[in-house]
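Which chain is which? The protein sequence lines are D and C, in order.
My numbering numbers the first residue of the first sequence as 57 and each following residue consecutively.
My numbering numbers the first residue of the second sequence as 57 and each following residue consecutively.
Treat the hints as calculated values from the structure; they're not laboratory data.
Hints may contain errors.
Repeated chains share a single entry, so a pair holds when one copy, or any two copies, can fit it.
Claimed, not checked - In silico DSBU-like pairs for lysine-lysine, Cα to Cα no more than 30 Å straight-line:
{"#": "1", "residue 1": "Lys263", "residue 2": "Lys65"}
{"#": "2", "residue 1": "Lys203", "residue 2": "Lys438"}
{"#": "3", "residue 1": "Lys65", "residue 2": "Lys413"}
{"#": "4", "residue 1": "Lys203", "residue 2": "Lys65"}
{"#": "5", "residue 1": "Lys512", "residue 2": "Lys263"}
{"#": "6", "residue 1": "Lys139", "residue 2": "Lys411"}
Please read these numbers as outputs of a predicted model, since none were measured by experiment.
Residues per chain, in single letters:
Number of protein chains: 2
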Amino acid sequence: MATLNPQVKAVEYAVRGPIVLKAADIERMLQQGVKQPFSEVIKANIGDAHAMGQQPITFLRQVVALCCFPELLDSPVFPDDAKQRAQRILQDCGGQSLGSYSASQGVQCIRQDIADYISRRDQGVPSDWNNIYLTTGASDGIMSILKLLVSGHGSSRTGVMIPIPQYPLYSAAISELEAVQVNYYLDEANCWALDVEELQRAYLEAKQHCQPRVLCIINPGNPTGQVQSRKCIEEVLHFAYEENLFVMADEVYQDNVYSSDCEFHSFKKILYEMGPEYFNNVELASFHSTSKGYTGECGFRGGYMEILNMDSQVNSQLVKLLSVRLCPPVSGQAAMDVIVNPPEEHEPSYSQFNKEKSSVLDSLAHKARLTEQILNSVPGMKCNPVQGAMYAFPQIFIPPRAIQEAQALSVAPDMLYCLKLLEETGICVVPGSGFGQREGTYHFRMTILPDPEKLKVLLEKVREFHLRFLEEYSHPEPQLNICTETEHRETSKQPN
Amino acid sequence: MATLNPQVKAVEYAVRGPIVLKAADIERMLQQGVKQPFSEVIKANIGDAHAMGQQPITFLRQVVALCCFPELLDSPVFPDDAKQRAQRILQDCGGQSLGSYSASQGVQCIRQDIADYISRRDQGVPSDWNNIYLTTGASDGIMSILKLLVSGHGSSRTGVMIPIPQYPLYSAAISELEAVQVNYYLDEANCWALDVEELQRAYLEAKQHCQPRVLCIINPGNPTGQVQSRKCIEEVLHFAYEENLFVMADEVYQDNVYSSDCEFHSFKKILYEMGPEYFNNVELASFHSTSKGYTGECGFRGGYMEILNMDSQVNSQLVKLLSVRLCPPVSGQAAMDVIVNPPEEHEPSYSQFNKEKSSVLDSLAHKARLTEQILNSVPGMKCNPVQGAMYAFPQIFIPPRAIQEAQALSVAPDMLYCLKLLEETGICVVPGSGFGQREGTYHFRMTILPDPEKLKVLLEKVREFHLRFLEEYSHPEPQLNICTETEHRETSKQPN
């Protein structure tokens, strides 16, 4: 341990952190017949749709299976549009095989399909496939761009602005790269909106001790579930233009918008609408993924990024950096292709594809409302509307005595809360401290992915637990030590 | 460019470097009808078997296709053993779907299959699946381990010992991590053997300016194609034990051994045979991949590492680091499973599987001999036997006038040679300077992957070119400037 990379030591990643290790321990005990006050562990800690029972989109899997085993191209079981997609992808693969390395930026026709998709999505805003890079999930793209942009020492070190609460990939990458994390706080009282004045405050403060050069935005929000307004995005882009910031727009939830009064606006489209002075100057990378949306294909590790206005020399450096890892998984690239190039109205798979897609998205919208409603009905809990993405991030009241106990155990108060929730109910959620939150406030993140019946049961259990917790910590006696082996192995701390 | 990460700038990766970008440019010109002195570009720069026409192993693709599209489990087209493999993998996936995230270390039953495979391969040496980690190709595993182990500043910075010539992933990772590259030279006169005295020399010299803590070995060798003897491996492990070095054994070519007088010995097996004092103490990570061997499934980005004797706290840090990237592609994990768990004698796919496997390996063995023979018949060229892996790395004589010209153009002499080879013949190989070589010697790396007929033509063209090159540079007049746009974009330098 003494000679371990200190940047690795500094990394924290709550979504798969100590509480999830503990959940796995409990699951193992259940399998071995050790009795628990519940019959199963429900993992609401991670946006892993298929693990929660969501079925794959048939057309996507057909195309990937055909690419894997092209003998199936002769099979009458597969529809012609799936076969055409597969043949087209294979034609652009070396030796027409999914087993060849692709170019480091990805298979050419898939990059072209992505550019076409972006242009359709953004109502005609041009997209050049040369600016598209396939990635190993969005995380890989985000890491690569951050790696490229971070430099300097001391007060010239690169500052990376991230929202608080944030998805902890960002803080983990910043630790690993020894960059400076610059927090801007989302406005919980205003539905987690991004206030440009808060951006300015964070920027000016950071300028005193680092060089803020990168601005990360997650829209729709993770863990916060807000969908940013057109006006807000315009203000943010104006700010980035003024301060010459590289904008990283994490838009992996672009298909996950549920509130009828919200709409997804891509940062790129708004930038275009702001005119050529903006569109030709602001450096922008937008990230997408096969893992979220209505497909939920996390295991394929598919994703892409579109990069605008990057200096051509820097761009060569990026290509070089990507080439060391050779290429993103080609099956994940094929999955990405289906998402950007779905069946068209005249094609045989159109109707089934749309039925499956709507079914997933309608169900998510229903569960988003259900979650918000039930959580808001619990005394001492307050949840903003889940406008998009896949998570609720309720604020929870933690009684002072519980806070004292947590401090005595050197764990964050909401970690104590989530550990007790797991131990008493089998429900695994992630403490707000793993995402960052305003000091003195406490939250947890839970996914809305379990099927509606299970979700209802889960939410009822959360309610009962919460009431019990409040009750328990209004008592005067000291509590038992609940700190476990797992925690000792890897103690969680608040990122800031 | 001014604020770019300097560690990224320092990275070099010749296998996909400027010469490969130039090859792509020429290929594009050919497609557009621009005349060249050849009709196709032959990419002998990268070990990409399927791109060179090798056919996938049917059983592997069947299993992965079944995992992708489980409706096929009812199809009579697929053999029962493929179905059983697929069902078994799916049962260990969340929601029985390839679309779920796996644990960061990989799908449990696949880790178990890998441990069983290792134990069979090593004639009964125990292997614990808890020590197995699935990776996104071997590169990802190598990067992760290096990232974990590198620390310190100035003379306490971690030194990483690598062979020269090396596979440039190592030098690239070392640059990216700002570690200290410690070169030990393989003995070209002795079939690229690893001499432990040379290791000692390099170690002692390095001790004066860094802390050598990691020893990387590539066996069978890339780019050098040697297969290390049992005796050599034992000496290396003894040395690592004495100096407390973490051994990284890149064994991705373990199935690619062609010389009848050579045998693959895993570092782990030898360590075991050296007795418990060694087996329980030397820290060892061994890497394998789906990309090489007889499957050549590069595009799936599958791989694993087995790690021995890692401190448990360091191990927790590794798991945390891996968890930020969530998981390796699950389809690549499934492909890895087939390699370690192939059809058994009593199973329906056994005979076809073995026929396909032998066909690939026999052909590679034939091509290894062919390449060595023809290259050695060229005046001014000398090639060690290709005992294993997929590459020949001949030493080439470059006339002094060509060296002067290269110096005037600020390119390495073997880069000049390879650029001319590409421009005149369409053959793309990688200059030895991209791998490292003893000063004053020049080489190139070429794969032995093209089919035998094409390979013969290629080798004949290389011979003709080489003779022409020698002839040309024995003339007195100065040559034309052959430096191209591609080179200006990204000038190649010798890594050392």
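Against the structure, the hints:
With identical chains, the CA atoms of Lys263 and Lys65 are at most 30 Å apart both within one copy (27 Å) and between copies (25 Å). Within a single copy, Lys203 and Lys438 get their C-alpha atoms no closer than 37 Å, and across copies no closer than 41 Å, so neither meets the 30 Å cut-off. In this assembly of identical chains, Lys65 and Lys413 lie within 30 Å of each other by CA distance neither inside one copy nor across copies; the values are 41 Å within and 43 Å between. Within a single copy, Lys203 and Lys65 get their C-alpha atoms as close as 18 Å, and across copies as close as 11 Å, so both meet the 30 Å cut-off.
Proximity of Lys512 to Lys263 under the C-alpha cut-off of 30 Å is found in neither arrangement, the shortest distances being 47 Å within a copy and 63 Å between copies. Within a single copy, Lys139 and Lys411 get their C-alpha atoms as close as 20 Å, and across copies as close as 29 Å, so both meet the 30 Å cut-off.
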